[in-house]
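Given chain A, work out where chain B should sit, using these hints.
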Amino acid sequence: MNHRMGAWRRRHVLGGFVGLAALGAPAIVRAAPSGAPVRVGGTLSLTGFLAQTAIIHKIAAEIMVEDINSRNGFIGRPVEYIMLDDQSKPDVARSLYEKLITVDKVDLIMGPYATAPILAAMGVAQRYGKVMIQSSMGIPHLQTYDMAFPATPFGPEPDKTYPNVILDAMASLPTPPKSMVIVTSKFPSAQFMAKGMRLEAEKRGVKVPLYLEYEAGNRDFGAIAARVKEANADFLWVGSLGLESNQLLEALRKLDYTPKTSFHLYPAPGPLALSPDGNLVWCSTFLEPDEPFMSRPGMKKIAELYKERATKANLPYAIIDAQAAGMVAAWQILEAGVNGAKSLEDKQIAAWLKKNVVTTVYGPTKFDGLYNHGEPAQLIRQVQDKKWKVVWPKQFVAPGVKLIAT
Amino acid sequence: MPSGTLLGQALISGVLAGGMYGLLALGLSLSWGLLRLVNLSHFALAFLAAYLTYELGTTYHVAPWWAAAMVVPVMLMIGLAQHWLFDRFKVNELASLLITFSFAVILEVAIQLYWTADYRRFETHYSTMSIKVGAFYIPVLELALCMVAGVLAWGTWLWLRKTYVGKALRAAAEDADIAAAYGVDHKKLAYLLSGMGAAYAAIAGTFIALIATLAPAQIWAWLGVVFAVVIIGRLGNPLGALLAGMLIGASESIAMAIFAPAWAPVVSFSVLIAILLWDPEWL
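One line per chain: the protein sequences are A and B, in this order.
When we follow the working numbering, the leftmost residue of the first sequence carries the number 1088, and every step to the right adds one.
When we follow the working numbering, the leftmost residue of the second sequence carries the number 464, and every step to the right adds one.
Here are the in silico distance ranges between beta carbons for each label pair:
hint, chain 1, residue 1, chain 2, residue 2, range
1, A, 1363, B, 529, 21 to 31 Å
2, A, 1363, B, 606, 15 to 25 Å
3, A, 1247, B, 614, 53 to 63 Å
4, A, 1451, B, 598, 52 to 62 Å
5, B, 533, A, 1462, 47 to 57 Å
Treat the hints as calculated values from the structure; they're not laboratory data.
The beta carbon of each residue, even a glycine, is placed where N, CA and C say it ideally should be.
The following block holds chain A by itself, in its conformation from the complex:
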């Protein structure tokens, strides 16, 4: 009996110490999320042809979940991300979102990567009335669901706005290009932008003597290169994905031809920057690890963590860029929506997002425009000394950096 009593006393004394320690602990420890986790379900293309980029989104998402949990989680509860592999197949994505919502009964969902899986998942989200934040849908007018929100600032009509950003940059050159060859993958978001580029270029008096489309995954660029060389325009616009830009530029070099100036839509950033053919090429971006972007809240820490994780994951290009930033922004928006609405109810989260401005790595983000989009902020970066530098529009250019004419 005495022995049991002693044990009882010891437990209570220890309990008291723990209680006192908790009360005396810094606020950050006490604010750590507690209770049942908020389960957020989503898919990423961890295998299949989109896996090259989806791995970037995976790393960014994991960093963000840790980051959110190191603060207050979602309304004081820890966040658990249930990530499934959609194999780069929209039909698999659709089935998995159905499973996440109906079988796993997740509280919230996070959008997948790339236009086709996003569209597939959006149908499911709409059927069950779930808020869906997506980081990478390049064709905004297809986002017709009222509770779908874009994390990347394409703006509602990037096929009209972004070509004009490029045309403005071209016009700023000492000898503005007067003709443009457009070569694009038939990948939907690239083709969509290429058509817009052609229309806007012609509207502004830039001739397009050659417009070519090739199938995504094209193996041989020899004949395309021969046509580009023969057209010999002042500017080459390439609607590329992955390493297609490297392949086309190499094929051109084999014909002893270097385009005067070239732009590349969604290339693999590392290989193009490091390639001997990549010097001074232009490319689309929304953010680079440079000023003014690094001054945005939390950006330095996220960029460092991303570099560490991407290096550990054996990614050849471990620098944060617009792909990873898209996923970072998606989680920042979901966090703001849930904590702002103080609810896990999808309708309340959606209503809060539509009324408020969310600060993300992309800056202040609004959802009050067409297709829930805010202002476009697609920029131009250029390879300078094997590094990407934002060179246009001027307000986003770091001190000492400028667009270099070729």
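Then chain B, alone, in the frame of chain A:
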């Protein structure tokens, strides 16, 4: 109308690209035609060899030809081991399709686990070198690939027709029982052929590492066109595979030059359908 220079350049580019189709088709054609095994893992073996060449080249600075000398024996052993499994479980033509598809998927996942899904590119100083002949440019690497493919296809064709082993293999493919009655050990010859097929995949892989972009999912990018090449070139005919590869490559490239690059994938199957409808004697 495209200029003569453009058409000529497109033709050169297409024929050289067709060399890769032919080289990849070589091992597949031999295994399908002479062993009645449709080896879909041939593409995965080629990509595994490509990744090994890439790894040896970028991490250990091993020249591609030395890398090939190391990778070819490894792939040959894998080919032999694979055939042991086929033999052990008495795999037939249809089952081989499913089993080797599974092998390919497993290899794809293994490649992705080690090298990640990210794009890999083996940059060499000679990757963009060309020889200028008149108005035309001939890429050096693609030319070397075609020459190697030509030597292998011609050598294999001669071996199958002029040597006792080759004749025995062809006889066993026609009728294994009758061939056995004449003392042909079909089982041993089948191991030899499987090893050769995997070694050819390794050689193709070395060139894939030097010429193409590496990503695990790219394993499947060549499947359709190489199947068309194997059928057009006639099963078990190494020279036919190379010539069919060049025909398809040239047709794709000319279609890209005259019409639109997006038409290229249609070409290989259109040529296949046209030839099947024509039904020539050599098919």
